[in-house]
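> As given, the protein sequences belong to chains A and B, one line each in that order. No gaps in the numbering here: position 17 of the first sequence is 17 in our numbering, and each next residue is one more. No gaps in the numbering here: position 42 of the second sequence is 42 in our numbering, and each next residue is one more.
Computed footprint of chain B on chain A; a stretch qualifies when at least three of its residues, placed anywhere within it, have a C-beta under 8 Å from a C-beta of chain B:
(1) 349-360
(2) 370-378
Okay, the calculated beta carbon distance ranges per label pair:
(3) B:Arg344 / A:Arg67: 35 to 45 Å
(4) B:Pro170 / A:Leu95: 53 to 63 Å
(5) B:Val330 / A:Pro93: 38 to 48 Å
(6) A:Arg393 / B:Arg246: 30 to 40 Å
(7) A:Glu388 / B:Leu337: 40 to 50 Å
(8) B:Arg246 / A:Val276: 28 to 38 Å
No lab work stands behind these hints, which were simulated from the structure alone. Glycine included, each C-beta is placed from N, C-alpha and C at the ideal position.
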Amino acid sequence: MTRPLARLGGIERRFGAVLALDGADLEIRAGEVHGVLGANGAGKSTLLNVLGGMLAPDAGVVEIEGRAVRLGSPRDAWALGIALVHQHFTLVPRLSALENLALGAGHRRGLAGDLEKLMARTGLRVPLDARVEQLGVGDRQRIEILKALLRDPRVLVLDEPTAVLTPDEVDGLFGLLKELAADGRAVVLVAHKLDEVLGVADRITVLRNGRTVLTGPSAGRSVPELVRAMVGGDAVDPIALGLTGVDAGATGAMSRPPAERGETTTSARALHAGGVVVRLRGAALADRSGPGVHGVDLEIRRGEIVGVAGVEGNGQRALALLASGRAVPDSGSAELPSGIGFIPQDRSTEGLIAEFDLVENVGLALQREPEYVRGPWMRWDAVRDAAERIRERFEVAAPSVTTLAGALSGGNQQRVIVGRELTLARDFLVAENPTRGLDVAAAAFVHAELRRMATEGVGVLLVSTDLDEVLGLSNRVYAIARGRLHDVPEERRTREGVGAFMLGGTADG
Amino acid sequence: MVDGGAGGRFARTRWEPVAISLGAIGLTGLVGAVLLLAGGFDPLAAAAAMVRGSVGSWDVFVSITLVRSVPLILTGLAVALAFRAGVWNIGAEGQLYAGAVAAAGVGLAGGGLPAVLLVPAVLCAALAAGAAWAVLPMLMRVRLGVGEVITTILMNFVGIHMAAYMVHGPLQESRGVFPQTDAIAEAARLPPLLPGTRLHVGFAVAALLALGMTVFLHRSRAGFRIRAVGASPEAAHVSGRIDARRVLVGCFLVSGAVAGLAGGVEVAGVTHALYEDLSPGWGYTAIAVALLAGLEPLGVLVTGLLFGALQAGAGAMQRDAGIPAAWVGVVEALVILAVLGLDRLRRTGGRVLPGIRIGGGGGA
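Kindly produce the complete structure, drawing on both the sequences and the hints.
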């Protein structure tokens with residue numbers, strides 16, 4: 001048995017009234033890739049932040065190579081060889097990529113040269129001279145990883161590094177992580193995709209409600225077993241949750257019986273079948289923070305889910321804003337229906353107002369609907385009823401509808417947004433990375449709702465960087481690259497096939 | 001998102017702003033007492049004089065405290081509305097002077113008109129002039145993206161000096177001695193609210209406006225949109241499809257108009273003429289009034305009264321306890337600092353020093 005390189009024992013951490021960690025344990029050995037799993041709110045990020053010195057635990061011990069240490073700041077953790085790659089970016093937007101990397105590594109001669117070598121070795125390439133504010137999420141993620149690697153860490157901690165990378169980059173990153181482990185270092189990895197984690201991790205630790213419920217080698221473990229550990233009990237069907245990769249997900253989607261309400265709505269569906277609800281013609285929109293989109297021709301019919309896959313920062317934002325009517329095309333035309341719902345990617349800044357309660361957050365979108373307004377006045381009683389219905393039907397874990405949105409976990413915030421936008425989406429729904437950062441159960445819930453909307457005759461535009469999600473849900477698939485849409489023919493709708501289309505516009509060559 | 005990082009701030013606590021305000025007042029009292037002691041004054045005597053001079057008798061309360069609170073409430077409402085929408089209008093002082101000049105001009109020129117026409121004309125002129133004073137900073141904000149904090153502050157200087165020019169030049173009294181206008185027409189003056197006191201109907205106007213603004217902000221769709229834009233312009237645009245620019249333009253102009261009204265009401269209700277130093281900085285004190293009220297219009301009614309009492313008591317303090325009235329300015333500044341500090345403390349969950357730690361701030 002290898003001696004643990006780092007050990008966290010009985011860690012407790014409280015945020016106000018919420019107990020995020022309730023005696024969690026984590027043991028990391030040299031030479032291993034260690035996967036940390038758990039549902040949203042299980043305490044994964046909190047635990048990693050304790051290891052990275054970002055958060056001081058309220059109770060428990062942190063040992064590095066058998067010696068108890070106190071990690072009071074990230075600096076303490078660096079000094080001990082622990083580098084944390086954040087889920088949130090910690091880059092200075094106005095500085096260049098190189099300057100940000102220098103900030104992390106300390107100024108030294110030959111940094112650019114070292115970086116070139118590191119980039120060549122790891123396959124993580126970023127434009128060093130570009131200002132970070134001009135770069136997409138994928139590039140920012142690569143910079144964060146490079147920043148951590150520059151420290152030459154003994155323990156590398158990555159919190160959800162794969163969400164914004166292309167499949168090829170994910171493979172490259174995992175290869176790199178295995179190399180680092182083989183080198184005698186330890187890698188700690190948080191990711192939501194269980195099959196991804198099982199593929200790369202030597203050992204795993206599962207957290208539930210702030211406690212460690214399972215730890216050990218990953219070999220021989222199955223996805224269902226892990227899901228049971230994550231959510232407790234065995235009531236969950238992982239195939240239905242769409243947890244496993246694209247194949248299982250896709251077959252799951254097709255072999256599933258129609259949703260309970262699908263039957264009653266087929267007539268409605270037939271009624272609208274073939275009816276085009278959205279028509280974009282030669283639409284273009286510039287976007288200060290990205291490439292924008294140009295020459296977009298897109299028709300979406302009632303009852304179909306149109307998926308748009310792409311690497312972050314290739315014009316998805318502009319496309320979503322155009323299709324949802326939040327922006328008017330600079331040129332070309334956009335014909336949109338009246339009942340549009342929009343699930344924006346950024347829950348906390350665009351989807352909700354943290355200091356507003358749920359009633360107000362529901363009202364934020366419903367205030368445009370005639371039935372929630374009387375003359376110049378809001379019909380707050382009607383909005384409140386709508387909020388109550390959303391809370392019940394979408395099982396939002398909030399004590400009441402007067403709970404502040406900012407007090408909810410990410411998954412519950414998303415339920416509020418999804419519930420609200422579905423009530424608006426009488427004709428058309430735009431969903432932009434609707435499951436990013438959600439745990440498997442919450443993601444499956446959102447997917448089921450998207451399917452239900454389609455069966456009820458709503459046109460759905462799903463814009464996502466998650467290939468499995470796009471492939472598993474969509475009737476038609478487009479890839480977006482450098483602001484242009486590419487129709488992906490049916491026979492190419494595989495991870496590799498779509499990936500090639502996605503890279504068609506972004507690869508260096 | 002930090003897992004489990006919900007700050008534990010589950011239900012909305014409506015009393016939090018009130019607690020902050022009371023805490024700020026208590027803290028200010030403490031620090032003020034220490035400062036007075038350090039200055040060689042008797043804090044108890046100062047407090048006694050202050051109470052006597054502000055709420056010592058019905059007459060003192062109505063004729064001094066309430067009268068002084070009117071411009072503070074009106075400018076406080078102007079600032080509260082702007083801040084609610086995310087418009088940092090620091091220009092209430094200049095807008096107040098613009099309103100005062102316009103009110104004096106109309107009040108002087110409209111001599112022949114009956115009061116039922118002239119009083120509304122005077123107040124409308126003040127509203128229009130205050131709004132006009134906000135136009136330039138508003139345009140620079142929405143067209144050019146120039147921050148309104150600086151432009152509104154600069155417009156204050158223009159407004160103050162414009163008023164000074166008026167009373168030295170075009171609008172100077174017919175005797176040509178003092179830098180002030182002639183008294184405005186009798187028909188332009190605000191009637192008394194309570195007979196036998198100096199309290200004029202401007203107080204009722206301010207109180208009704210506070211009430212109306214509260215209802216507007218919380219019950220109307222336009223008010224809700226203003227709150228949404230102020231809380232998060234991004235969410236207001238993306239989730240609410242609200243045109244933030246329209247909200248900004250509207251709130252900027254209405255805020256300026258209400259501050260202008262404060263100047264008009266002061267001229268028509270109290271001074272009956274325009275003076276060079278009409279305002280002792282009401283437009284700036286208004287920021288403290290609005291912040292202490294948690295930007296709630298009804299709260300502004302209360303904090304405006306409080307600051308009115310403070311200013312009324314300052315006179316008595318100077319007279320009876322020999323303490324410079326400038327000390328009241330110190331108190332006002334302390335209140336702002338205490339409110340900002342306590343509010344920040346609430347948001348950070350009680351951590352006093354900003355460490356590099358990531359706190360569990362739920363919505364942050």
